[in-house]
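Chain by chain, the residues:
Protein chains: 4
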Amino acid sequence: MIIVMKPKARQESIERIKNLIEENGLQAHISAGHEVTIIGVIGDKARLKEHNLAIYDEVDKIVDVTESYKLANKKFHPEPTIVKVGNVTIGGGTAVIMAGPCAVENRDQLLTTALEIKKYGAHILRGGAYKPRTSPYSFQGLEEEGLSYMKEAREITGLPVVCEVTSLEAIESAVKYVDMLQIGARNMQNFYLLKEAGKTGMPVLLKRGLSATIDEWLNAAEYIIAAGNPNVVLCERGIRTFETATRNTLDISAVPVIREKSHLPIIVDPSHAAGVRAYVKSLSMAAIAAGADGLMIETHPDPSKALSDGPQSLSFDQFEDMMAALKPLVELMGKKM
Amino acid sequence: MIIVMKPKARQESIERIKNLIEENGLQAHISAGHEVTIIGVIGDKARLKEHNLAIYDEVDKIVDVTESYKLANKKFHPEPTIVKVGNVTIGGGTAVIMAGPCAVENRDQLLTTALEIKKYGAHILRGGAYKPRTSPYSFQGLEEEGLSYMKEAREITGLPVVCEVTSLEAIESAVKYVDMLQIGARNMQNFYLLKEAGKTGMPVLLKRGLSATIDEWLNAAEYIIAAGNPNVVLCERGIRTFETATRNTLDISAVPVIREKSHLPIIVDPSHAAGVRAYVKSLSMAAIAAGADGLMIETHPDPSKALSDGPQSLSFDQFEDMMAALKPLVELMGKKM
Amino acid sequence: MIIVMKPKARQESIERIKNLIEENGLQAHISAGHEVTIIGVIGDKARLKEHNLAIYDEVDKIVDVTESYKLANKKFHPEPTIVKVGNVTIGGGTAVIMAGPCAVENRDQLLTTALEIKKYGAHILRGGAYKPRTSPYSFQGLEEEGLSYMKEAREITGLPVVCEVTSLEAIESAVKYVDMLQIGARNMQNFYLLKEAGKTGMPVLLKRGLSATIDEWLNAAEYIIAAGNPNVVLCERGIRTFETATRNTLDISAVPVIREKSHLPIIVDPSHAAGVRAYVKSLSMAAIAAGADGLMIETHPDPSKALSDGPQSLSFDQFEDMMAALKPLVELMGKKM
Amino acid sequence: MIIVMKPKARQESIERIKNLIEENGLQAHISAGHEVTIIGVIGDKARLKEHNLAIYDEVDKIVDVTESYKLANKKFHPEPTIVKVGNVTIGGGTAVIMAGPCAVENRDQLLTTALEIKKYGAHILRGGAYKPRTSPYSFQGLEEEGLSYMKEAREITGLPVVCEVTSLEAIESAVKYVDMLQIGARNMQNFYLLKEAGKTGMPVLLKRGLSATIDEWLNAAEYIIAAGNPNVVLCERGIRTFETATRNTLDISAVPVIREKSHLPIIVDPSHAAGVRAYVKSLSMAAIAAGADGLMIETHPDPSKALSDGPQSLSFDQFEDMMAALKPLVELMGKKM
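Residue numbers (the numbering used here), protein chains in the order written: chain U, 102 to 438; chain G, 102 to 438; chain X, 102 to 438; chain F, 102 to 438.
Please keep in mind that the hints were generated in silico from the structure rather than gathered at the bench.
Possibly wrong hints are sitting among the right ones.
All copies of an identical chain are treated as equivalent in the list; a pair is satisfied when it fits inside any one copy or across any two copies.
As the list claims (entries may be wrong) - Straight-line C-alpha distance at most 27 Å; calculated DSS-like pairs for lysine-lysine: (1) LYS362 x LYS162; (2) LYS107 x LYS171; (3) LYS220 x LYS437; (4) LYS150 x LYS296; (5) LYS175 x LYS436; (6) LYS146 x LYS406; (7) LYS119 x LYS219.
Computed from a predicted structure; not experimentally measured.
Just chain U, with the same shape it has in the complex:
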């Protein structure tokens, strides 16, 4: 931590902070510049957390030099994490494709989709049973009934299944049916939910919040890991910006940035990012080329009748076409699919 003093700060203001630092068992290194004085704090800054140095007299600003996340931080854990979901591994040599409908609508829709996506090479089935919707009048999900169809789909196809959870009750139900829990974008800073998901020990797919910085996202992952669960996979799904041509703005740079800052695997969800199915294939290609560990793709037997997010869902023909295009690219990137 560095404390930057205001120009011409009086010696007594500087001394007061120096003393405070030393009283807490830390060292203060003072550099008196020709315009401003800066004070470097040496030692465990957690000891200072009861003091808001930022508002001491003549302090201009505080600069953190270390990240607040530790367990999710590559600096302290340089080896990449590989997360096992059923018989699938994420973060190793496979570009993992998760696919399925936005919402589980009925048994037929889900089983049909599961069989089709398996045919074209997908590894994990996705499907929402608890749907966070902007309006209370939109379809809210089949809840436990939906989870039971997910389990049945796994039994029939052998594909592991992932489902979003939005409350403690949803977690308690989901752990009985699915292989991986998803924390959605709107709940990325629902810290209560993060801790509960952490306690289950199950693999967690953590979507980035609509307006979360990468730093906040890794701190959200830290909540799960700190609760004893290292099996976290990050999912970039677009951030909110001023641009309206797409539903969100896919932050493709998040892939190399996460690769540099964290050891956790990262996948990309181009369906929610774009909000328009015509753009999903291009963005999937971009994500794999940028080095993502996998993709999450919305597919539906009849997107024109989907109860949620139809406009961004691929038909099976479109999914087949996209998978065919991805295959040689995945190989070029030195992975398998």
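Assemble chains G, X and F onto chain U, guided by the hints.
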């Protein structure tokens, strides 16, 4: 709802949509322009919700002409809502000042603060017992112990108390101790929590999400009202933008916009918006002048030792000074304080 | 300037940077923390500008502790600047009201407007002769003819006039007709134009760019002042965010932030910020209450026929009503109008 | 154009608008819904441009159904445009690589760079002679001297050259030395400059503004084409968002969106988007995989001494490595390099 077709859409594509609309018991008004054809849908569009018209052949876009929130909408409820919190009314002729520490830290800190803010004219005591924090290593709140201090502070001062809730458990505890529940910015789209807060029937202070549009915010209010609870007060607390000179960007325009679109009261939290206490007084003045129904202000006996958000908390002297400046402005606006 | 090294940076990487700093005649203060080492640079950092320290081996990041703007910086010029435009002073004890049409459309429209705004107490007449428009097919302004009407309006009313300039040619014409040059939001980082406006020595109204940080805005002012022209007035006019209920998001916090960082006067343009005339009065009140030195308001004899920005323009009746509401507020703020 | 009336708008308000439309020689189609009435306008809406329908009594909003750009619009020009720059074609079967230093610093630096990038397969040399810099105290470019080195570099290597222009004077100089003019992000809505660049007839590389929507970007292109110059290449270079891990947020979706809305070629500049050279290779791969027509990459003989944007510049070794990685990907996409 209006369906805009692509330029030169074939007659058969237009007919297919017209038929679909009519089969669902609605009327289709077709306007064939020289470049594009548009189709106006007359009737209850909810009947079409199983059809994603946006992805039918040659459809360019769908334009909604009505808002999805109804109960929170001024169009259908023109009279302003007045919310009663203990003996205080919000949305009437009083500029309601809520003040207190970001986090309840201990009994002394809270009781001291409660007495001081009462002395300078505040109406409601705020204080967090469940703290959503970016890092799992930051102070997370005293939970039920904190709530009991809030209740005690009310007994001593007579001020109603408001506290943030972050889970069903927190709601179940809070209803026993406080007068008003707060849904924080990070949980504004935690729809599960909104419904549970709605079921309590207690007054709810609904903060705007960091990247929530005003439309989404009013839809979040709709969740609470649709659960049977009309006692919702909105709180603008800054949105996330590219600007870093302040912690968030206070969207002061939200005050007149909400006034035009909704009948719900709206207050402003300049402390979280600014993140810097030097700006709190100016922003408080601006909020009242823009027509806000009240303010939420962070105060602390010793901001330099606050466990949460110290840099944006006012000392008691600063709070006194701000209240003195607000008083004539509130009167000028035709309200009392 | 502070250089933060990566964790476990080797001694030789640290030495290399220390040597580089010292070879350039500066001092390096090294603080070796338990996780990271930081290097404080003492002396004029301009001497290092040919070296990109950020990409030296094992450098994590560079933190600037001083602003790059000097002449616009309150730290080095604590007294508030007062700018004289004709017989009007901005930044002193008057809340200066600039009003007029977005675009000068014809002689009648301008003269009528000038007389009306004068009647209700405005101090300066605004009007655009060179209009930056998103589409090439929108009205682009009357250019020099428009300027001549501005001059005539000044002769008739005695009000000083301000007009936007968008090119060197426009500046060369405008200096012959108007009292103050305006640099618009889209040209805030047209550095060529800033320098040319600086050379004229005339008062300059510098609007904030749509996505400019306050730091960039003050650097833009620095260009004008560095060209020898200290007569700069800043104008906050809304920034671009995700919210679409208003045309832009008025950053009301810019008023107290500028007050803390700079000595330049700041006014607010609620018309462009809101884009909707129903919100202009509330936002004007907010701006004055936040401490702004004035306002810029769009008015038009018949907003329903304005060639530019009609929806955000006030009619004369609305302008009169707003001025009446502002008057007691301005007095309450200790200013005159 | 569609006019949406407020709920329960009176018949006389609807009639007034209907009459206005018909008086201007257009047709009005009225659809009276159970909540709101909408009015479709049939005919050339330009005839209504002197009327701000949005502020007529009881009008709720105006919805445009056609884009304001025509010449840049794929709907009216479905064939892709191919732009010829010297002997290089952009928008055809080649992934065009533009490379070079951010700023031309001296003759040696430029010639060395030109020879190196040619060796590794680049097609066009970039280099800035007029540098728009946030601070007036940063290096501003060599101006005409820099242009002369660009010309010399072309003579030696045979590579066409592109240079940013920031004023009419810069355009007048540049046309004598370079093969393509660049309009930078900060000048994307400097409409005066766009028109002047249009008049030259030379190929123009039009960078997207920091906060420009895709719609505004295509309108900026429309200015150039409407001035008689169809040779426009678009360049996505990152937009401004709340994320600070990268200098800007590369909007990779812009590639498929532009492909759908326009016939103009689009390239990507990952160097300015990322601001960090470690991310440039991943983002270059993503851009090509998304379907971009080319890349613009900053390279420098010694990035640690670059006078501008060193941290995002590749060394020659890094450039060689990136080009080797791109080659098989370009082939996989069915293009040559």
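Non-conforming hints, listed in increasing numerical order: 7
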